[in-house]
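Engineer: Given next are the chains, with one letter for each unit.
There are 4 protein chains.
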Amino acid sequence: MVTVTVWNEYRHEKEDDEVAAVYPDGIHATIAEGLREAGYDVQTATLDEPEHGLTESVLDDTDVLAWWGHKAHDEVEDAIVDRVVDRVRDGMGLLVLHSGHYSKPFKRLMGTTCSLKWRESGEKERVWVVEPGHPIADGLPESFEVPRAEMYGERFDIPAPDDLVFTSWFEGGEVFRSGCCYTRGKGRVFYFRPGHETYPIYEQEEVRTVLDNAVAWAAPGDGPAPYFGNAEPIEDLD
Amino acid sequence: MVTVTVWNEYRHEKEDDEVAAVYPDGIHATIAEGLREAGYDVQTATLDEPEHGLTESVLDDTDVLAWWGHKAHDEVEDAIVDRVVDRVRDGMGLLVLHSGHYSKPFKRLMGTTCSLKWRESGEKERVWVVEPGHPIADGLPESFEVPRAEMYGERFDIPAPDDLVFTSWFEGGEVFRSGCCYTRGKGRVFYFRPGHETYPIYEQEEVRTVLDNAVAWAAPGDGPAPYFGNAEPIEDLD
Amino acid sequence: MVTVTVWNEYRHEKEDDEVAAVYPDGIHATIAEGLREAGYDVQTATLDEPEHGLTESVLDDTDVLAWWGHKAHDEVEDAIVDRVVDRVRDGMGLLVLHSGHYSKPFKRLMGTTCSLKWRESGEKERVWVVEPGHPIADGLPESFEVPRAEMYGERFDIPAPDDLVFTSWFEGGEVFRSGCCYTRGKGRVFYFRPGHETYPIYEQEEVRTVLDNAVAWAAPGDGPAPYFGNAEPIEDLD
Amino acid sequence: MVTVTVWNEYRHEKEDDEVAAVYPDGIHATIAEGLREAGYDVQTATLDEPEHGLTESVLDDTDVLAWWGHKAHDEVEDAIVDRVVDRVRDGMGLLVLHSGHYSKPFKRLMGTTCSLKWRESGEKERVWVVEPGHPIADGLPESFEVPRAEMYGERFDIPAPDDLVFTSWFEGGEVFRSGCCYTRGKGRVFYFRPGHETYPIYEQEEVRTVLDNAVAWAAPGDGPAPYFGNAEPIEDLD
Chain A
1 MVTVTVWNEY
11 RHEKEDDEVA
21 AVYPDGIHAT
31 IAEGLREAGY
41 DVQTATLDEP
51 EHGLTESVLD
61 DTDVLAWWGH
71 KAHDEVEDAI
81 VDRVVDRVRD
91 GMGLLVLHSG
101 HYSKPFKRLM
111 GTTCSLKWRE
121 SGEKERVWVV
131 EPGHPIADGL
141 PESFEVPRAE
151 MYGERFDIPA
161 PDDLVFTSWF
171 EGGEVFRSGC
181 CYTRGKGRVF
191 YFRPGHETYP
201 IYEQEEVRTV
211 LDNAVAWAAP
221 GDGPAPYFGN
231 AEPIEDLD
Chain B
1 MVTVTVWNEY
11 RHEKEDDEVA
21 AVYPDGIHAT
31 IAEGLREAGY
41 DVQTATLDEP
51 EHGLTESVLD
61 DTDVLAWWGH
71 KAHDEVEDAI
81 VDRVVDRVRD
91 GMGLLVLHSG
101 HYSKPFKRLM
111 GTTCSLKWRE
121 SGEKERVWVV
131 EPGHPIADGL
141 PESFEVPRAE
151 MYGERFDIPA
161 PDDLVFTSWF
171 EGGEVFRSGC
181 CYTRGKGRVF
191 YFRPGHETYP
201 IYEQEEVRTV
211 LDNAVAWAAP
221 GDGPAPYFGN
231 AEPIEDLD
Chain C
1 MVTVTVWNEY
11 RHEKEDDEVA
21 AVYPDGIHAT
31 IAEGLREAGY
41 DVQTATLDEP
51 EHGLTESVLD
61 DTDVLAWWGH
71 KAHDEVEDAI
81 VDRVVDRVRD
91 GMGLLVLHSG
101 HYSKPFKRLM
111 GTTCSLKWRE
121 SGEKERVWVV
131 EPGHPIADGL
141 PESFEVPRAE
151 MYGERFDIPA
161 PDDLVFTSWF
171 EGGEVFRSGC
181 CYTRGKGRVF
191 YFRPGHETYP
201 IYEQEEVRTV
211 LDNAVAWAAP
221 GDGPAPYFGN
231 AEPIEDLD
Chain D
1 MVTVTVWNEY
11 RHEKEDDEVA
21 AVYPDGIHAT
31 IAEGLREAGY
41 DVQTATLDEP
51 EHGLTESVLD
61 DTDVLAWWGH
71 KAHDEVEDAI
81 VDRVVDRVRD
91 GMGLLVLHSG
101 HYSKPFKRLM
111 GTTCSLKWRE
121 SGEKERVWVV
131 EPGHPIADGL
141 PESFEVPRAE
151 MYGERFDIPA
161 PDDLVFTSWF
171 EGGEVFRSGC
181 CYTRGKGRVF
191 YFRPGHETYP
201 IYEQEEVRTV
211 LDNAVAWAAP
221 GDGPAPYFGN
231 AEPIEDLD
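Residue numbers (UniProt numbering), protein chains in the order written: chain A, 1 to 238; chain B, 1 to 238; chain C, 1 to 238; chain D, 1 to 238.
The hints are simulated quantities; they were obtained by calculation from the structure and are not laboratory data.
Keep in mind that the hints are not guaranteed to be accurate.
List of simulated lysine-lysine pairs, DSS-like, C-alpha gap at most 25 Å [stated by the list, open to error]:
hint: 1; chain 1: B; residue 1: Lys14; chain 2: B; residue 2: Lys71
hint: 2; chain 1: B; residue 1: Lys71; chain 2: B; residue 2: Lys107
hint: 3; chain 1: D; residue 1: Lys107; chain 2: A; residue 2: Lys107
hint: 4; chain 1: D; residue 1: Lys107; chain 2: D; residue 2: Lys71
hint: 5; chain 1: B; residue 1: Lys124; chain 2: B; residue 2: Lys71
hint: 6; chain 1: C; residue 1: Lys107; chain 2: B; residue 2: Lys107
hint: 7; chain 1: C; residue 1: Lys71; chain 2: C; residue 2: Lys124
hint: 8; chain 1: C; residue 1: Lys107; chain 2: C; residue 2: Lys71
hint: 9; chain 1: B; residue 1: Lys124; chain 2: A; residue 2: Lys124
hint: 10; chain 1: D; residue 1: Lys71; chain 2: D; residue 2: Lys14
hint: 11; chain 1: D; residue 1: Lys71; chain 2: D; residue 2: Lys124
hint: 12; chain 1: C; residue 1: Lys124; chain 2: D; residue 2: Lys124
This one's a predicted model, so the numbers in the text were calculated from it and none came from an experiment.
Can you build the whole structure from these sequences, using the hints too?
Structural biologist: Here it is as structure tokens:
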């Protein structure tokens with residue numbers, strides 16, 4: 001069974017009543033609930049736990065790591081970031097959610113600033129499937145609406161995605177590449193835009209379908225572990 | 001100097017007063033005017049000329065071919081389509097404009113249906129630059145508006161572009177990958193969405209900048225002409 | 001269960017004793033045997049059957065079509081090519097094997113000539129995994145040898161693959177992109193180079209692993225069936 | 001005129017007589033000579049200069065930075081790496097040469113380990129053009145040989161290139177993606193494999209053609225400088 005660890009910064013929920021009303025047990029609990037219903041073996045981890053909850057032992061039991069952070073990206077210790085990034089390169093899947101675009105692991109894996117535009121006006125978002133044959137689009141309609149969303153707008157400063165699955169339309173006039181697939185080393189990385197802390201977006205059926213599909217897509221395979229370094233001498237080759 | 005041939009179906013302008021009022025000398029004349037101002041050597045060709053104006057001799061003098069068609073795609077003879085497609089594979093650049101998405105050469109080069117959604121409501125389009133480092137974005141603002149446009153909406157059934165330069169937002173709720181780069185053989189193909197026959201879009205400054213840049217980008221280089229077929233035997237290789 | 005149809009031209013085996021000695025029941029039988037052992041529900045079809053064995057009813061029962069052809073590409077009727085291509089665009093997976101690079105369906109889906117260099121010298125091929133995290137590389141070593149192979153060399157005139165999984169090295173001095181993934185419409189297409197009619201390559205374990213993985217990768221999903229055509233008017237959108 | 005800064009670690013040449021015999025004035029001098037002959041305005045910079053020769057003022061005068069390093073990657077100060085990486089994201093071109101695959105700027109921009117296999121046996125390399133329509137292939141034959149080279153072999157742990165221009169074949173049995181294009185932010189990055197310190201590879205005509213083309217390709221354009229941060233409120237948009 002595929003194992004998932006849902007990581008959450010878990011600060012907004014403890015400091016802001018509006019957020020606590022939407023996600024009383026933390027965003028991670030709501031995300032984890034959806035993934036458990038989808039049949040995954042799910043654990044959670046948060047910033048204020050020792051080693052941010054991402055010990056070697058926890059990561060040993062993690063096929064796919066989902067990451068939600070926003071206001072405390074800088075408090076994530078570099079040693080833990082190194083650990084996460086190394087795991088991805090070795091094959092662990094990584095789902096980067098919404099404001100996680102500015103998280104240290106995502107910026108490290110992308111090599112870019114991952115900057116964008118934003119606006120908190122509670123406007124409507126329409127998520128369009130631009131690649132209906134991609135496994136992350138399974139079971140979705142060709143578009144779905146997030147009734148109230150924080151807007152993220154282009155230019156999103158990322159490398160061109162290996163696969164672009166979703167593009168969002170916003171009421172205020174912006175567009176955004178909102179479902180982006182990458183491979184880094186042996187690991188697969190999926191960025192998914194919807195999911196603000198003040199809206200119950202992670203309870204929305206289509207969003208849960210996307211996360212379910214993304215875990216399946218990002219789960220590690222059984223490909224070769226390449227050898228790096230000095231190759232065998234030529235005389236042994238034939 | 002880079003030579004451009006602007007091809008136009010040239011039927012709407014002769015049959016529809018509304019179109020004739022916007023493009024009295026044909027859409028091709030307006031596009032050609034813009035490219036001449038940009039410094040290119042430009043000729044035009046239209047459907048009802050012999051060989052659709054695309055004789056071998058005309059194509060011998062064509063670095064980049066721009067293609068506008070809409071209501072008479074089926075009247076383009078297959079032999080001329082073969083000729084155009086072969087030229088592209090040999091290095092000729094091809095700009096496919098607006099309703100040219102359904103033209104025979106574009107469908108042949110893409111391998112897909114090139115279908116999409118459309119709506120003629122005169123709504124506003126915002127064209128966002130998603131890849132500001134791409135040469136086709138030179139000299140542009142990060143977005144520009146087409147005040148009244150026919151809407152084209154996703155799913156646009158194309159192969160994932162090699163480079164996605166623009167994405168459009170529409171007032172009615174749709175998005176569209178509106179600037180798409182491909183390589184086919186040695187030739188470069190650029191699809192650009194804006195440009196309906198009932199709006200003076202090809203007179204708009206930003207649109208002219210895009211077409212200028214696209215010609216420069218698509219112009220053939222001096223890369224090797226690969227040999228295909230039986231390779232030299234091994235004994236000759238060392 | 002995923003259903004596979006293995007299509008073979010089936011001419012070499014009947015006309016050439018050397019080929020018949022290697023593939024006495026036809027290349028399709030050997031490929032089908034490997035896929036059955038991998039757990040798929042497999043049927044076969046050949047050129048000389050009515051409708052080349054690819055009736056609508058057979059294709060209704062086909063999740064993934066594997067295609068082997070070489071000397072009789074031109075005898076495949078265009079109506080059947082249309083049918084296969086339409087099915088791929090609607091989601092059917094397609095595996096194109098070895099000399100199938102020149103088949104009508106592959107050329108139609110690629111939009112290029114699909115030309116290459118070749119040499120029949122029985123030389124050694126080394127297939128290198130360049131993308132070890134790709135599902136088609138599951139269970140493989142980081143390289144494997146085909147002891148005697150027909151050489152295919154670059155330039156391979158294809159669109160740049162969406163994913164490049166394998167690159168081959170040949171004794172005589174050539175390289176080749178030998179495992180290439182594409183999406184066309186909702187369908188996934190995988191080109192795999194090894195597999196000449198005079199060598200028992202389809203009995204080789206690593207090759208069977210690749211075909212097994214490729215079927216799993218190319219099998220259709222459950223993504224949305226996009227609507228194409230006139231979109232709903234704006235007034236209905238809000 | 002496009003300005004180029006050629007950066008070299010410049011240690012091998014001072015410490016090793018064999019290297020000094022090949023590159024008496026340093027590898028940077030030979031590379032710079034080739035680029036000056038191609039018509040560029042070229043300056044050089046080396047590790048042991050203050051700020052490694054890459055002051056803000058030098059970078060203000062740099063359209064494209066070429067980077068050669070090998071044994072002292074770790075001595076490059078992080079503050080200078082930050083500076084270089086920020087410049088690339090803002091549009092400066094970067095050519096990463098041979099053993100520069102392990103340089104800090106390249107690893108930071110790729111997000112991967114950039115590991116590979118190597119072997120110093122003085123074997124023959126054949127560089128094949130796999131994308132003959134790419135501007136970096138202008139003026140080249142479809143393949144060329146480097147008579148004696150250090151081998152680099154796959155798996156090369158990089159993100160899949162946006163454009164793969166060259167693939168190398170090695171006498172000993174390996175292949176390598178040896179010409180790889182990326183965009184990071186507004187900047188273009190080109191990795192080019194050939195170029196070991198003990199062989200006069202940077203005097204070879206085809207290699208000089210590649211570097212000439214790569215500078216032209218990587219030179220910054222005039223695309224928009226996107227705004228990042230809080231977007232204008234909705235009420236101002238219409």
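Engineer: Which constraints among the numbered hints does this structure fail? Numbers only, ascending.
Structural biologist: none
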